[in-house]
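**Student:** So you can see what is in the structure, the chains are spelled out below.
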Amino acid sequence: MNVPIRMIGIATTFLWIFLVAFLASAVYSFKDLKFDFGLPQMSVTLDNKLLFSLNINIVNNGYYSMDSFNVTTEILDVDGFVVTRGLTFIPTIKKGENTTIFNNATFGVDDLLQINRNYLFDDSELRAAVYAGVRIAELIPVEVSTNLSLPWGAPFYNLIMGQPERVEFNETHFRIAMAISFENHAFFNLTGNVQAQMYSGAGLRVGDGHTVIEAPQHSFYHGYVDIYVPKIELTRGSRFEVYFLTPFFDYGPLVVPYG
Amino acid sequence: MVDEKNDFKTNLRKIVFRALKGTIKGVLFYALYLVLFRFLVPIPDIVPGFQQAIETFVMIYVFLIIADGLTSGTIFHHFFNATRALFVIGYLIFSLKGGILGVPFQNVNLTVDLRLFLTIAIFLSFLGFAKSVLQAINYLNEKSERGGI
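Read top to bottom, the protein sequences are chains A and B. For the first sequence, position 162 (counting from the first letter as 1) is numbered 162 according to my numbering, and the numbering increases by one without interruption. For the second sequence, position 30 (counting from the first letter as 1) is numbered 30 according to my numbering, and the numbering increases by one without interruption.
Rather than coming from a laboratory, the hints here were simulated on the basis of the structure. Just so you know, not all the hints are guaranteed correct.
Claimed, not checked - Listed next, the stretches of chain B that the computed footprint assigns to chain A, with coverage defined by at least 3 CB atoms under 8 Å from CB atoms of chain A:
#1 63 to 75
#2 101 to 112
#3 118 to 130
Said to hold, decoys possible - Cβ pair distances, simulated, as ranges:
#4 B:V108 - A:F102: 13 to 21 Å
#5 B:M59 - A:D67: 31 to 39 Å
#6 B:M59 - A:T92: 37 to 45 Å
#7 A:V78 - B:V108: 18 to 26 Å
#8 A:S145 - B:L20: 34 to 42 Å
For clarity, every value in this text was computed on a predicted model and none was experimentally measured. Glycine residues also receive a C-beta, built at the ideal position from the N, C-alpha and C atoms.
Okay, chain B solo, but in the shape it has when bound:
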C-alpha cells in the first residue's frame, strides 16, 4: 500500500516535471519568436498574411514542444521530435511557395528568392528528423537491453 502510494507520488512528480520542462521550453521558444519578430517588423506591412502564417507556425510548434516535453522518456518523445522536423519542412515549403515569394505592393511587384534559405532549412530539418529516428532506435535498443520494450 505504501509502495503504491510512493509510486503514484513518483509518477506524479515525473509528470509534473515533464509538463514543467515542456512548458518552459515552449515559453522560451515563444519568447525567442517575440524577440525575432521585432526584427521582422517591416515585413507584415508589405506582405499580407505574413504575421498570421508565422503565428500559426509558432502555435503548432509550441504545441509540439510541449507535447514533446510531456512525453519525454517515452517513445512518443521521439515521435513528436520527428513530427516537429517534418512539420517544419512541410510548413516551409507550403508557406514559402517553393522558395520564390511574389508580393504585389501598390504598383510594384516584389519577388524574393528564398530558395537557398529553404534548401538549408530543409536540410537542417532532415538532420533533425534523422536525429529523432536515431534517438528512437537507440531508445528501443536500450530498452530491449534492459529487458522489455
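Isolated chain A, as found in the complex:
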C-alpha cells in the first residue's frame, strides 16, 4: 500500500508545483502588460450620428498571450438608461505585440430625445460605462470596469421665441416676424431649417414661413422667421407651431400663442 500512496504524494506535489509556478508566472507577467486608455472623444459621423470613441493601446510584454479581449462601452443618460452600446472584440493579443483598439459607440440625438427632450435645451451629463475583459495567460479571466463622465451641451440652450412683430406688407397681407435666439452648446455645428406655421383661432392654417439656421458649436444664434398672413384671416387666439429640422434631429411642434 505504501507505493501507491507515495505515487499519489509525488503526483500531487508535482501538480502543486506546476499550478503555483503557472499562477506566479501569470501574475508576474501581468506587470509587463500595459494598458493605455486614451481620452474619450465625441465627434460626428458622416451620417450625422454622434460617435463616442475610446482608444486603448495594449503592449503585451508578458510571458503569455492574451485572448478574448473585449471592450464594451455603454452610454447612459443621467437616469441610467442605456442610450447605446459599442463592442470591440480581439481574439488574441500575442506576447510582444503592440495593439491599439478603437472602441466606438454611435447614437443619434433622436435616440437621446426619445428618453428626454430636455437634452435639447438644458446642458447635462452623460455617463460612459466601459467594461474591458481579457483572459490572461489564455486561462484567467480578468475584467476591468470604469465610469466616465461626458458633458452634454444643449444645442438649443436658452431658446427664446420672441414676441412676433406684425408689420404691414401690402394691402392684403401682414408680415409677421418671429425672433428666435439660442446658444449652441453642443459639440457639433448646427445647421438646418426652422419652419413656422400660423393657425387662426379657428384652427385654420393661415400662413407659413421658414428660415435657415447656422449655428457653429459654442456660438449664439439670432434670427427671424417671416410669415405672410392675409389680413382678413388674422383673428384672436391665433398660434404658431414651430418645427426645427436639422440633419441630427427633428423637433416640433413648439406652440407659441399669438394675439
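We have chain A already, so just place chain B on it with the hints.
**Tutor:** Using the frame of chain A, we list chain B on its own:
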C-alpha cells in the same frame, strides 16, 4: 539502568532529528514563499490586505509543517497532514471569496476570476487529504500487524 539511559538517548536523538527535519521543511517552505512572493510584487500595491493574508497563510502552514515533522512516525503525523490539506481548502475558499475577486482601484474596478485555479487547488488538496487518510489507515494496519496500536 544502562538500558534506560540508552533508551532516553535514543528517544532524545529521535526527537531532535524530527524537530530538525520539521524545521528544515518549514524553512524550505518559507524560502519558497520568499522566492515566489517576488513574482507577486505588483499585487500588494493593487490588492489591499493581500500580503497580510498570504503571510498568515504561510505562518499557519509553516507551523503545521513543523508540527508534522515533530510528530513524524506517530499517528499525529497523519493527523497534521490531513489538517494541513483541509486548512489549504478552507483558507483558499475563504481568502479567494469563492474564486471571484473584486478589487476597486481608483476609479477602476478590477475583477479576477480564479474559479478554475480554486477548483484545481481544492482538487489537489483533497488528493492530499485522501493520501493522509490512506497513510493513517496504512499506519494503523502496520502497527496492528506488529502487535499493538
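**Student:** Compare the structure with each hint and give your call.
**Tutor:** Evaluation of the provided hints:
{"no.": "1", "hint": "63 to 75", "verdict": "violated (count 0)"}
{"no.": "2", "hint": "101 to 112", "verdict": "holds (count 6)"}
{"no.": "3", "hint": "118 to 130", "verdict": "holds (count 6)"}
{"no.": "4", "hint": "B:V108 - A:F102: 13 to 21 Å", "verdict": "20 Å, holds"}
{"no.": "5", "hint": "B:M59 - A:D67: 31 to 39 Å", "verdict": "37 Å, holds"}
{"no.": "6", "hint": "B:M59 - A:T92: 37 to 45 Å", "verdict": "41 Å, holds"}
{"no.": "7", "hint": "A:V78 - B:V108: 18 to 26 Å", "verdict": "22 Å, holds"}
{"no.": "8", "hint": "A:S145 - B:L20: 34 to 42 Å", "verdict": "52 Å, violated"}
Checked against the numbered hints above, the structure breaks hints 1 and 8 and satisfies the rest.
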